[in-house]
Amino acid sequence: MIIEERSSTHVYKQKRMLSKEALAAVESLCVHEQPAYCVAACPLKLDAKALMAAVARGDWAGARGIYEKVTPFTRLLSAGCEAPCESKCRLSSLGDGIEIREIERAVARFGEKAAAKGLLRFKKKKTVALFGSGLFSIFLIGELARKAYPLTVFCAEPDLKSFMARETGFMDGEALAAETETMAALDVDFRFSTNLARMDSLRAGFDVCCASAGAARQAWPGARSDERIMMFREENLVMGCEGGVTAAAFGAKKAALTVDRLAQNLDPCNSRGEEGPCSTKLYTSTEGAERLRKVAAGPEGYDKTGAESEAGRCIQCRCEECIKGCAYLRHYHKFPRILTREIYNNVSIIMGDHMMNKPINACSLCGQCSVTCPNGYDMGEICHIARQNMVATDKMPLAPHEFALMDMLFSNGEAFLCLPQPGYEKCRYVFFPGCQASAVAPETVKAAYKDLCSRLSGGVALMLGCCGAICDWAGRYEMYGETVEFIDEKLRTLGSPEIIAGCPSCKKELSAHEGLRVRGIWELLCELGLPEGAGRFERPAALHDSCGARGDAETQRAVRRLAEMLGCRLVDTDYSGDRSPCCGYGGLTAYANPQVAREMTQSCLQRSGEPYISYCMACRDRFAREGRESRHILELVYGTAAGAPPDISRKRYNRLNLKRELLKELWGQESEKVEREYKLEFTDEALEMMDRRMILESDVYAVMDGLRETGEAVYDSETDYLIARRRLGNVTFWVKYREKEDGYVVHRAYSHRMNVVQRQG
Amino acid sequence: MEKNYYTIDPLGKLSCAKCRVPLVKGKAKFMYLDNGFPVELPVCPVCGFVYVPEELALGKVLAVEKALEDK
Ligand SMILES: [Zn+2]
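Each protein sequence line maps, in turn, to chains E and C.
FYI, our numbering numbers position 536 of the first sequence as 536, with every residue one higher than the one before it.
FYI, our numbering numbers position 2 of the second sequence as 2, with every residue one higher than the one before it.
Since the hints were made in silico from the structure, they are not lab data.
We treat Cβ as the ideally placed atom computed from N, Cα and C, and that holds for glycine.
Accuracy of the hints is not assured; some may be wrong.
To be verified - Beta-carbon label-pair distances, calculated as ranges:
hint	chain 1	residue 1	chain 2	residue 2	range
1	E	G711	C	K27	41 to 51 Å
2	E	G743	C	M31	27 to 37 Å
3	E	E629	C	K27	52 to 62 Å
4	C	G36	E	K740	32 to 42 Å
5	E	G711	C	G12	20 to 30 Å
6	C	M31	E	R341	50 to 60 Å
7	E	E485	C	G36	15 to 25 Å
8	E	E629	C	M31	46 to 56 Å
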């Protein structure tokens with residue numbers, strides 16, 4: 001049997017994996033990059049979250065830098081800001097919100113100003129005039145000075161000190177002096193003691209003219225500012241507003257943008273971007289938030305230590321619900337929105353490197369994120385669609401999945417069995433244990449089948465094979481369709497019985513077929529009671545829910561009930577039930593990316609130090625391979641310990657042998673055994689190497705069969721090995737061996753996919 | 001002159017078990033997914049058996065395979 005490799009890297013097929021609208025809808029579910037609640041609430045767009053982080057780590061200069069992005073007048077702003085952020089703090093729903101404004105005050109007082117970098121800044125060409133004093137004017141000067149407009153300020157006050165004192169009475173003397181100094185350091189041309197009634201003539205010669213609300217009304221008594229763009233349109237005047245510090249600072253920001261637009265002769269209403277406070281769809285878990293009471297500030301506000309301690313209470317709101325539970329997302333350290341976009345782009349590439357193929361094939365498709373994400377983002381669905389798309393466009397490499405697919409063909413070919421219970425033609429039930437159960441624990445399958453036959457009436461057929469999950473996970477939709485048809489056809493020959501699934505993933509796959517009735521064996525065992533000879537497991541154990549049982553409350557409940565009947569004391573673990581992570585087998589991760597699969601397994605096992613009980617044979621196998629005491633619930637029910645995890649060849653042997661034994665024991669049929677004229681011996685080194693390199697004993701036999709036909713081999717005098725090779729399907733296998741009287745000893749084996757041929761000239 | 005992606009010399013230690021002659025440095029080509037790479041490998045001058053050493057298969061060959069698979 002052979003699966004066709006894609007023909008070429010030069011195939012120009014393209015198919016969109018999602019419509020642009022569907023992509024946007026999916027992406028919008030991920031709120032990881034949404035602003036924190038405090039940040040969204042601030043009309044000035046202060047990154048309060050970053051500010052808290054800087055203060056908490058004692059980076060006062062950094063904190064000052066963050067704050068100064070909003071305005072150079074930090075003492076003024078922090079003294080009078082109404083702090084709309086504070087009521088939005090996530091902690092305020094549990095206890096005290098962070099004292100953001102008090103921390104800002106501390107930053108304005110103690111944060112060292114970054115040394116001027118000596119950057120020569122070129123002034124803009126367009127000139128700006130500003131008339132009048134007050135809060136709006138001060139903040140607007142800050143904005144325009146930063147934008148490097150040549151700025152002339154006309155005011156009635158006789159000097160800078162009195163200019164700065166207007167509307168700023170809430171500041172203490174020290175703060176006022178400090179802000180006067182800040183203003184003096186800006187490159188602004190002040191014209192004190194100006195008669196503001198002359199505005200109309202004084203503005204001549206300036207490209208843009210601005211005024212405080214008071215000054216504008218002095219010149220034009222009916223002047224009104226359109227607060228969206230801060231303009232008195234009739235006079236083409238950028239005009240301020242009344243109100244407190246926050247309103248003035250926000251008004252100044254909008255006004256500065258209007259100045260930019262006017263200076264470029266553009267409509268001030270357009271291209272303004274998002275201004276002011278915004279909504280946020282962020283989700284943040286408050287689980288583990290500890291310090292819910294604020295640090296008290298003294299009459300002068302916080303000292304450095306107090307501010308650092310208070311800022312340290314900030315939980316740095318962000319949504320990481322998916323990544324917290326998923327080893328795959330942690331491995332690539334990408335959030336679903338970014339990952340989806342990169343996968344979407346990857347799938348659109350016709351020629352060149354597809355950098356995201358590995359992440360696409362590394363996801364276990366387990367659906368955990370669809371439960372942990374507050375908006376149900378299903379990264380597995382995206383990766384699954386991407387795989388199907390790659391198959392459709394001939395971009396899916398066969399290498400990552402070929403072994404698993406061949407294994408499926410083996411399960412549904414050589415190792416396949418489908419027979420009614422002896423004595424019946426049609427059956428009421430069919431037991432479908434799943435390919436991994438037969439591969440890992442054949443004795444358990446045998447015991448379970450015999451038990452079902454003895455305790456159920458109406459006949460229990462047996463079907464040993466693969467449900468098709470493997471080709472479904474691989475994105476091979478055509479092969480999956482064929483498998484569905486194959487299974488349905490076989491079931492019809494049995495009289496379309498109700499399926500008793502031994503594996504939750506099989507249950508899930510088979511339930512998706514039209515018209516099939518499927519039940520888990522665990523539910524049936526709850527009804528029937530434990531069989532004679534059932535084991536006991538009277539120790540604490542962690543129950544690992546199978547990813548195949550996500551959303552399947554019946555299965556999850558029945559397995560727990562069964563565990564209880566067996567005497568198990570189940571310990572609670574994080575991420576159980578619908579939130580359970582995949583063991584690393586799902587989605588063929590174990591084949592496509594053994595490293596990520598291993599991280600998944602380890603992540604599962606970190607939840608508890610107790611032995612693990614699972615109800616999927618793949619989980620059982622992977623946990624045991626990682627060295628943990630690991631039992632499948634059916635092993636306990638039937639008192640059949642499957643023992644150490646089998647290697648890849650043993651898994652095939654187990655399936656074939658189970659079929660042979662059952663055929664003989666129950667149906668009285670003898671199977672043909674392939675007898676070879678020679679014997680093969682494998683060194684331990686060879687066996688370990690073959691398991692790691694995914695080389696089956698049957699592959700080695702095929703090489704040796706070929707050798708005996710052709711006599712083709714190489715002799716290496718340095719190592720004293722003979723070396724034979726054979727191309728099997730898409731792979732060339734090489735075997736290093738030594739001869740002995742009745743056969744060969746295999747010492748090493750390796751393979752490659754490239755085909756090697758002689759060339760002339 | 002034709003570029004060879006890889007050259008390996010049999011160095012006299014390899015021989016063809018079938019033809020009983022030493023392998024020699026010969027011209028060969030790796031083919032994968034419709035891409036070809038000329039190489040020089042130990043070849044039997046009589047029957048044409050091309051030998052791919054283990055280090056080559058698991059090193060350079062595997063690396064090229066992986067690169068091409070993601071093209
Ligand atoms: Zn030869």
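Hint by hint, here is what the structure shows:
1. G711/E - K27/C: 41 to 51 Å: violated (24 Å)
2. G743/E - M31/C: 27 to 37 Å: holds (33 Å)
3. E629/E - K27/C: 52 to 62 Å: At roughly 56 Å between Cβ atoms, K27/C and E629/E fall inside 52 to 62 Å, so the hint holds.
4. G36/C - K740/E: 32 to 42 Å: Given range 32 to 42 Å: holds, Cβ gap about 40 Å.
5. G711/E - G12/C: 20 to 30 Å: Given a distance of about 22 Å, which is inside 20 to 30 Å, the answer is holds.
6. M31/C - R341/E: 50 to 60 Å: Cβ of M31/C to Cβ of R341/E: about 36 Å, so the range 50 to 60 Å is violated.
7. E485/E - G36/C: 15 to 25 Å: violated (39 Å)
8. E629/E - M31/C: 46 to 56 Å: holds (48 Å)
Hint violations for this structure: numbers 1, 6, 7, all remaining hints satisfied.
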